[in-house]
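Novice: Going down the list, the sequences are from chains F and C.
At the far end of the first sequence sits residue 184, using my numbering, and the numbering has no gaps.
At the far end of the second sequence sits residue 184, using my numbering, and the numbering has no gaps.
A couple of the hints might just be wrong.
[To be verified] Here are the in silico distance ranges between beta carbons for each label pair:
1) S182/C to K130/F: 37 to 43 Å
2) L81/F to P165/C: 28 to 34 Å
3) H183/C to R16/F: 22 to 28 Å
4) G103/F to K130/C: 42 to 48 Å
5) Y123/F to H183/C: 39 to 45 Å
6) S3/F to K130/C: 35 to 41 Å
7) D127/C to H183/F: 41 to 47 Å
8) G101/C to E18/F: 29 to 35 Å
9) A131/C to T19/F: 24 to 30 Å
10) D66/F to L89/C: 34 to 40 Å
[Claimed, not checked] Once the Cα atoms are required to be at most 20 Å apart in a straight line, the calculated EDC-like pairs of lysine to aspartate or glutamate come out as:
11) K46/C to D148/C
12) K137/F to E64/C
13) K137/C to E64/F
14) K139/C to E18/F
15) K137/C to E18/F
16) K137/F to E18/C
17) K130/F to E64/C
18) K130/F to D120/F
[Unchecked claim] Output of the computed footprint for chain C on chain F, the stretches with three or more beta carbons under 8 Å from beta carbons of chain C:
19) -6 to 6
20) 21 to 32
21) 35 to 48
22) 60 to 66
23) 72 to 84
24) 96 to 105
25) 154 to 165
Derived by calculation from the structure, the hints in this document are not laboratory data.
Ideal Cβ positions, reconstructed from N, Cα and C, are used throughout, including at glycine.
2 protein chains.
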Amino acid sequence: MFIGAQVSLYPMTSGFVDVILSGLEALAPHRDRLRIETDDVSTLMVGAPEPLFDAIRDLFARAAKEPAHVTLHATISRGCPGEPDDDLCRCETLTVGQSLPLAERAALAAAAVKQAPVLGVGIDVQFSLYVLGQDRHMDEIYGCIDFLKASGTFFKSKNFCTRLRGDAGAVFETVRQAFLRFGPAEGHVTIDLTASANSPSHG
Amino acid sequence: MFIGAQVSLYPMTSGFVDVILSGLEALAPHRDRLRIETDDVSTLMVGAPEPLFDAIRDLFARAAKEPAHVTLHATISRGCPGEPDDDLCRCETLTVGQSLPLAERAALAAAAVKQAPVLGVGIDVQFSLYVLGQDRHMDEIYGCIDFLKASGTFFKSKNFCTRLRGDAGAVFETVRQAFLRFGPAEGHVTIDLTASANSPSHG
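With the rest of the complex left out, here is chain F (with noise of 0.2 Å):
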């Protein structure tokens, strides 16, 4: 199993540079369990769910609470067939969890996000899950969904993603869940996120 995301920061002032520093801090207690690697579009995560996605919430909610408005893109994969085992990416949940039928999975996805940590950052996410490489890859998606609608964190649909609304960390945790629960614990899924606060066109 390979586990990992393409990370980008994007402040919109005329000091990113400073913001992206400052976020990159945020990553310093979750480096011993991921690999990472940066270049000048991204930068390369690699480990388990758990280390993965809180460090991605750190980053961003670092970033967030600066003044300025700030987005994050997150390009986050499971299982590629194209990609090499990693011992580093060992999960759990993944190989324990996923034979459970979908409904006791959305369950304990539900049960994770009341456990998130309050991070005092209200951020917006859309996002959208990918479960590649079945033929009922719907009824996943589907029941991906009716999680999200579920899970406090909900705020609508949109053509081709979903927004989420909330505090960074029970948001984050929402979309760890949607990515942990759903789709095969062998299967191919990867979520195209982005996350934006301090917008001044906020709805």
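Using the hints provided, position chain C relative to the given structure of chain F.
Specialist: Quick look at chain C alone, frame taken from chain F:
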């Protein structure tokens, strides 16, 4: 068939609103062939791949002519089973061309990139193509990667995505061809795309 994108423009400057408004002017020639709706996170564009990719390209190329570092993100989708049919999205390339063998489709894609207009704006793109709802999705992905490597715009492979580099005309034509020529005609195909220009850390 329903085809469209959620598109966001991120200028890394305190004058970001002006850059976005200038970019939106470049959409004018395409508005009669697209349905366009904006909220605080992204702009929905619905229509056939011809005006859709032209509009995304022109929006980004206009913004990239400003001096500021700017990025664009687009979540692009065709054939999502949850979306209604829309006459705006009719596309002969999909309905006729997709019955050809993979090698012939790749050759048509390569020919289209050679005929792309030159916009005089150098850009970077990073994107992932997802072919959903079929067991052998990786055959189409690997066929697409072969096309990308020979496209003239290929820059490098990364985990989870492919980097392109070159003139905005050729780069966006490469992405359109990836979207059009790979995956079944009636299939659910999506792209997670990031474009970048004027980066201070351009590698």
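Novice: Hint by hint, where does the structure go against what was stated? Just the numbers, ascending.
Specialist: 21, 23, 24 and 25
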